[in-house]
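My request is simple: use the sequences and hints to build the entire structure.
Chains as they are written, first to last, in this note's numbering: chain A, 1 to 341; chain B, 1 to 431.
Since the hints were derived computationally from the structure, they do not count as laboratory data.
There may be inaccurate statements among the hints.
[Unchecked claim] Just the calculated beta-carbon pair ranges, DEER-fashion:
1) A:Thr80 x B:Asp195: 41 to 47 Å
2) B:Asp212 x A:Ala340: 51 to 57 Å
3) A:Thr80 x B:Pro224: 56 to 62 Å
[To be verified] Straight-line alpha carbon distances no greater than 20 Å define the calculated SDA-like cross-link-like pairs of lysine to any residue that follow:
4) B:Lys207 x A:Ser134
5) B:Lys294 x B:Arg325
6) B:Lys294 x A:Gly66
7) B:Lys306 x B:Phe176
8) B:Lys207 x A:Ile182
9) B:Lys310 x B:Asp280
10) B:Lys298 x A:Gly161
11) B:Lys207 x A:Gly66
12) B:Lys300 x B:Thr378
13) B:Lys294 x A:Ile182
14) B:Lys300 x B:Gly324
Only a predicted model underlies this, so the values are computations on that prediction, with no experimental measurement involved.
In this text, a Cβ means the ideal position worked out from N, Cα and C, and glycines have one as well.
Chain by chain, the residues run as shown.
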Amino acid sequence: MTRQPLSGLVSPRPGRLPMRAGLAAACLGIALGGLFAFGPAPAPAQAAIPTMTRAEIIARAESAIGTDYTWGQESWAPDTASGDGPDCSGLGLKCWEVPKTLYYQEENGENATISPRYTSYQFYNCQGPWYELSSRSLLEEGDILVKNNGTSGHVTIYAGGDAWNSPVIYEAPGTGLHIRRISRYLGSEYRPIRRESLTDSNIVLDNPTARSVGGTGVSGNWTRSTNVPGYYGDDYQVHGPTSNTAWARWTPRFPSTGPYEIFLRWTSATDRASSILVTVNTPAGQYKRYITQRINGSRWFSLGQYSFRAGYAPATGGITMYATGVDGYVVADSVMFVPAS
Amino acid sequence: MIRRRCSWTDHGERARGAPLPGESGLRRVVGGGLVARIGAPPLIALATALALLALLLCAFFVPGFVLRAEADTTVPTAQPAPAKPGTGETLPNKPGASEPAAAPAAPAQPAPVEPPPGRALVTLPWGDGDGEVGLAQPGEGLTRGPEALAVAPDGRIAILDSVNLRLVLLAGDGSFAANVPLALAQPRFLAVDNDVLYVLDADADRKLVYLDWQGAEVRSAQIPVLDDAVTGLFATDGGPCVEVAHDNVFLIESTDNGGQEGAKRAAVAALHALAGRPLDRDLGKAAKITFEPKEGVKLKRCKVDKKSLKALQVRTAAPSLVAGRQVEHLVSLDGDGKGGLIVGARLLRQQGDLAGAPSLIIARMSGSDQLGGGTAVTDTLTLNDSPFAYLGQPYVVAPDGRIFQPVGSDAGYTILVHSLPLTAIDEEVRP
Numbered sequence: 001m002t003r004q005p006l007s008g009l010v011s012p013r014p015g016r017l018p019m020r021a022g023l024a025a026a027c028l029g030i031a032l033g034g035l036f037a038f039g040p041a042p043a044p045a046q047a048a049i050p051t052m053t054r055a056e057i058i059a060r061a062e063s064a065i066g067t068d069y070t071w072g073q074e075s076w077a078p079d080t081a082s083g084d085g086p087d088c089s090g091l092g093l094k095c096w097e098v099p100k101t102l103y104y105q106e107e108n109g110e111n112a113t114i115s116p117r118y119t120s121y122q123f124y125n126c127q128g129p130w131y132e133l134s135s136r137s138l139l140e141e142g143d144i145l146v147k148n149n150g151t152s153g154h155v156t157i158y159a160g161g162d163a164w165n166s167p168v169i170y171e172a173p174g175t176g177l178h179i180r181r182i183s184r185y186l187g188s189e190y191r192p193i194r195r196e197s198l199t200d201s202n203i204v205l206d207n208p209t210a211r212s213v214g215g216t217g218v219s220g221n222w223t224r225s226t227n228v229p230g231y232y233g234d235d236y237q238v239h240g241p242t243s244n245t246a247w248a249r250w251t252p253r254f255p256s257t258g259p260y261e262i263f264l265r266w267t268s269a270t271d272r273a274s275s276i277l278v279t280v281n282t283p284a285g286q287y288k289r290y291i292t293q294r295i296n297g298s299r300w301f302s303l304g305q306y307s308f309r310a311g312y313a314p315a316t317g318g319i320t321m322y323a324t325g326v327d328g329y330v331v332a333d334s335v336m337f338v339p340a341s
Numbered sequence: 001m002i003r004r005r006c007s008w009t010d011h012g013e014r015a016r017g018a019p020l021p022g023e024s025g026l027r028r029v030v031g032g033g034l035v036a037r038i039g040a041p042p043l044i045a046l047a048t049a050l051a052l053l054a055l056l057l058c059a060f061f062v063p064g065f066v067l068r069a070e071a072d073t074t075v076p077t078a079q080p081a082p083a084k085p086g087t088g089e090t091l092p093n094k095p096g097a098s099e100p101a102a103a104p105a106a107p108a109q110p111a112p113v114e115p116p117p118g119r120a121l122v123t124l125p126w127g128d129g130d131g132e133v134g135l136a137q138p139g140e141g142l143t144r145g146p147e148a149l150a151v152a153p154d155g156r157i158a159i160l161d162s163v164n165l166r167l168v169l170l171a172g173d174g175s176f177a178a179n180v181p182l183a184l185a186q187p188r189f190l191a192v193d194n195d196v197l198y199v200l201d202a203d204a205d206r207k208l209v210y211l212d213w214q215g216a217e218v219r220s221a222q223i224p225v226l227d228d229a230v231t232g233l234f235a236t237d238g239g240p241c242v243e244v245a246h247d248n249v250f251l252i253e254s255t256d257n258g259g260q261e262g263a264k265r266a267a268v269a270a271l272h273a274l275a276g277r278p279l280d281r282d283l284g285k286a287a288k289i290t291f292e293p294k295e296g297v298k299l300k301r302c303k304v305d306k307k308s309l310k311a312l313q314v315r316t317a318a319p320s321l322v323a324g325r326q327v328e329h330l331v332s333l334d335g336d337g338k339g340g341l342i343v344g345a346r347l348l349r350q351q352g353d354l355a356g357a358p359s360l361i362i363a364r365m366s367g368s369d370q371l372g373g374g375t376a377v378t379d380t381l382t383l384n385d386s387p388f389a390y391l392g393q394p395y396v397v398a399p400d401g402r403i404f405q406p407v408g409s410d411a412g413y414t415i416l417v418h419s420l421p422l423t424a425i426d427e428e429v430r431p
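Okay, structure coming up:
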């Protein structure tokens, strides 16, 4: 186990940049056009989906393992391995965060107004922000394999392998079965489909993929914000000081055993907490670190190197940020794991 | 719980960015559906110009903006073609998607080959009674029937009726023999020999159960946590073998003695690594096979020391499974019961293929040398997919080399039996 003190700042890594500037300009153009528009009101345009990493898709799928297949549902309590889980398309759309309004942290039934609700039909027929690959040989983890015959269908999330035409997948198989990660044969009726707006760099998990605890309601008292620029992705989540339990935890699926350097990202301001507890769960035990978010914002901040085992294990392979007992706002924006060997 | 909503907002072609009739592609780039409201051409031009100006400013001041914008808008000239439901055709990719490696020039189109229908051994209706097997049909989920089929050396057949959580045993002629309830949550793998049936739940219980053909449990083994997903289960004279991630194969040694002599039941099994998939029941030969689109099929066969399980001799080959067609994926590798190999693969679809055309090729490499047959394909068989329901592997090779293919239909679960030609080069033909 390599233990290092907080090593300070590093240069921002290549990753996704905030899209807001460009989109704002595009919206300006649209708005100007709209000034001169007339005629019947248009149908609402499909909302843009957020960019996300393949690591986020896999982490979300892992967090659903063990929950019960529940027809018509798309939410689950992450990492509980029990209780109502999603059906097959619900697993796919929540892991893909489509539509954007569907947040990962939502507990069962919290969001009852999901529309559109993509099903295997829409996945299969590319009626959404995704497209079909020309061959299964192009599959990468986080893509999906889907079938639909017009009356029933099935969605699986590709997780790797396939020398034998039996890929490793995540799936919600059916009533009476749990969400699982398995390898099994999938016939040619399954189409390989890829989500748009994927980015690939290191293992980056954004705030929507953090399991967040800290109050009542959707995603607890963690709220989404864009008040202070410099965040990763489309926004960050923030929690005020509290005496109650409040934390946000990111758990990746590590592709291999070995050392990884962990970087945290936040947006700094004077109202941020000056000393925030961050714990790193490793197979060798839990390490405690304290950070201030009044400085060093909008860049990747190194927490040092830690060794992890391959796989997904919240208790021995994740990082948690606490908002309990602090003196200011705590920002949980994103975390990055970089293989150190 | 949220129930499925019937009201589906149109997210079809129009919402994906296709121009409306009479709408220019340029307007779609900058304005999406809102611009479609503009009716007067001069105003359209003005709005478009302003929007383009804004975009140009973005492109100038925001590095990477153009690239990002491509993710959320659609340039009509590069519009991905819609998929055609039900045809299985592959269509042009969206720009930016990785393209497949350039394929070598394909030879002349081979003449279409009709798959042999096979002999229908039996059709078991869907249900949970005697002589029936279960079918689960969730609207959103895996339509599945029995998830495994296995044939003993003496010809008896076992079906893993995973929906009803039981085994259905058949005589060699397909007649119903018995049902055997299973106390496993998610059994998915089955292997049999003349004395023992092995049933593995690798996902929920991580437990391997040993049963006799009367249905009595003779022992069990807890499978240790594995690094990756289980992909196969085989019966050998040395005991059951489990395959992980299509790569590593382990002989399972159970320390459970069936509850006799006070031994603890379901002890965690010991795993002993093998050099590959066992090709014969006495663990004398093993093989591994891999496929990469650019490198083709690579086969490694080895003779195995039965005591140490170590590979004694290794021979590699790069067989061509079928002339004139490219392989997309391998499906399975088995011994043919006569010293040779049987390799299954899915063929890469090519232009001109009809929907539903045979896509599985089963190639036999006959031979009886100590390393498991020759290196050239001597017989082939083509099969259709059976997309009605998930039925485990698309086919199973019986110990005598026959191919058992489960096929689902409204009528039930049918077992087709195919035989490769019996005039292979290593077999004696008498008048």
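Does the structure keep B:Lys294 and A:Gly66 at a Cα separation of 20 Å or less? 38 Å, violated
Holds or violated: B:Lys207 and A:Gly66, Cα atoms, limit 20 Å. Answer holds: B:Lys207 to A:Gly66 is near 17 Å, not above 20 Å.
Given the proposed pairing of B:Lys294 with A:Ile182, does the C-alpha separation stay at or below 20 Å? 27 Å, violated
With the threshold set at 20 Å, check whether the alpha-carbon distance from B:Lys298 to A:Gly161 stays at or below it. 17 Å, holds
20 Å Cα cutoff - pair B:Lys207, A:Ile182: Satisfied, since the Cα-Cα distance of roughly 15 Å is no more than 20 Å.
20 Å Cα cutoff - pair B:Lys207, A:Ser134: 39 Å, violated
Take a look at whether the Cβ-Cβ distance between B:Asp212 and A:Ala340 falls inside 51 to 57 Å. Holds: the Cβ-Cβ distance is about 53 Å, inside 51 to 57 Å.
Check whether the Cα positions of B:Lys300 and B:Gly324 lie no farther apart than 20 Å. Outside the cut-off at roughly 23 Å; violated.
Starting from the hint 56 to 62 Å, judge whether the C-beta atoms of A:Thr80 and B:Pro224 obey it. 24 Å, violated
For the pair we were handed, B:Lys306 and B:Phe176, check the Cα-Cα distance against 20 Å. Answer violated: B:Lys306 to B:Phe176 is near 37 Å, above 20 Å.
Quick check on a hinted range of 41 to 47 Å for A:Thr80 and B:Asp195, using CB atoms only. With a Cβ separation near 42 Å, A:Thr80 and B:Asp195 satisfy 41 to 47 Å, so the hint holds.
Holds or violated: B:Lys310 to B:Asp280, with C-alpha atoms at most 20 Å apart: Roughly 15 Å separates the two Cα atoms, so the pair holds.
Checked against the numbered hints given earlier, this structure breaks hints 3, 4, 6, 7, 13, 14; the rest are met.
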